[in-house]
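If you read the protein sequences in the order shown, they are chains E and W.
If you use our numbering, the first sequence corresponds to residues 18 to 211, in order.
If you use our numbering, the second sequence corresponds to residues 39 to 196, in order.
Calculated directly from the structure, the hints in this document are not laboratory data.
Even for Gly, the Cβ is constructed at its ideal location relative to N, Cα and C.
If a hint is listed, it holds; no wrong ones were tucked in.
Derived EDC-like pairs: lysine to aspartate or glutamate, alpha-carbon spacing no greater than 16 Å straight-line:
(1) 86/E - 154/E
(2) 73/E - 128/W
(3) 66/W - 111/W
(4) 123/E - 151/E
(5) 211/E - 180/E
(6) 66/W - 104/W
(7) 123/E - 154/E
(8) 136/E - 104/W
(9) 136/E - 100/W
Over 12 Å on every C-beta distance to chain E, these chain W residues come out as not near it, computed from the model:
(10) 45
(11) 71
(12) 73
(13) 74
(14) 83
(15) 96
(16) 98
(17) 152
(18) 159
(19) 187
(20) 192
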Amino acid sequence: MTDSAEQGGETPARRRSRSGLLLALLPVAAFVVIGVFLFRGLSLDPSEIYSVLINKPAPTFELAPLPGKDNGLATSDLTQPVQLVNVFASWCVACRVEHPLLMELKRNGTVPIYGLNYKDQPQAALNWLRNFGDPYDRIGSDLNGRVGIDFGVYGVPETFIVDGEGVIVRKITGPITPQILQKELLPLIAEMQK
Amino acid sequence: MTRSSLATLIGAALLVLSLPAFAIFQEKPLTDPEQEARAQELMRDFRCLVCQNQAISESHADLAGDMRAIVRERIAAGDDNDAVRQYFIDRYGDWVLLDPPLNRKTILLWAGGGVILLVGVGLIFIRMRRSTRAGAQGQTALSDTEKAELERLMREQG
Chain E
18 MTDSAEQGGE
28 TPARRRSRSG
38 LLLALLPVAA
48 FVVIGVFLFR
58 GLSLDPSEIY
68 SVLINKPAPT
78 FELAPLPGKD
88 NGLATSDLTQ
98 PVQLVNVFAS
108 WCVACRVEHP
118 LLMELKRNGT
128 VPIYGLNYKD
138 QPQAALNWLR
148 NFGDPYDRIG
158 SDLNGRVGID
168 FGVYGVPETF
178 IVDGEGVIVR
188 KITGPITPQI
198 LQKELLPLIA
208 EMQK
Chain W
39 MTRSSLATLI
49 GAALLVLSLP
59 AFAIFQEKPL
69 TDPEQEARAQ
79 ELMRDFRCLV
89 CQNQAISESH
99 ADLAGDMRAI
109 VRERIAAGDD
119 NDAVRQYFID
129 RYGDWVLLDP
139 PLNRKTILLW
149 AGGGVILLVG
159 VGLIFIRMRR
169 STRAGAQGQT
179 ALSDTEKAEL
189 ERLMREQG
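The whole structure should be built from the sequences, with the hints applied where relevant.
Structure representation (structure tokens):
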């Protein structure tokens, strides 16, 4: 590089000032790169953990129904082209938030919704469903929360979108919001039902 | 020593002795003390996913309690430490480990500091070498007028 620069008629001083300029730009470039990452970080939710189960088969499980009901939930029930597995509990406040949306899905017959009643008292769960409505086609009672842990559950409510092969396609941690429903969930369901 | 101060002393000694005994949680330890020690060691490695920067060994979250129970169960069932780690990684990902493992995704995290240091040292080294070389070139490249000026100055001094 030194030789070609000299052939180009550049003096050492000029070459030095050019590399000095590049060096001076280095902190600016570093600032921009770090800035982009940090700016992106502003809109990320650190409490949302990427699920390792995505694109993997749903865990194997078989759960008894709530008392007085006859449709429990097992891996072998995940046979529809697309279905939601919704982790809920009567003690879960945020579950109340998404509950009207699940009822709406049920009314419209958009997609089968299966409930995973996570670490709940069966009677409390039944009361909850009687009071607010039951959007679930099936409910499995996960009394000790082990199936929940197999699903990588850490914050109820969580919703898993499972395809016809029993593979988890997507996971929503926390309550389904109208925005998530319109922008992500409904298009995905429509796509999978094609 | 009076009787009451002796009682205080004994009380304090008992308190200190009981601290390492994992007294926060009323959970049934494993009957084999060696297995229980391994379980407690492992519990310090797992992140409580609800409280995130706490290990499950020190978290009061419900989920952490369930995870502690699973650690004990797996160990009682004969799992080695790696198998217990894998059990949680399969469900919650590497994030469940408080100490991130070295793999393709975390290589930047582990090596990033060293790489930046090396780049910095390299840049300083290049600059230093270039400036000494430029200085040497500057000396040989004294022009005729500069040489004459230098000679004149030296004569004046002499």
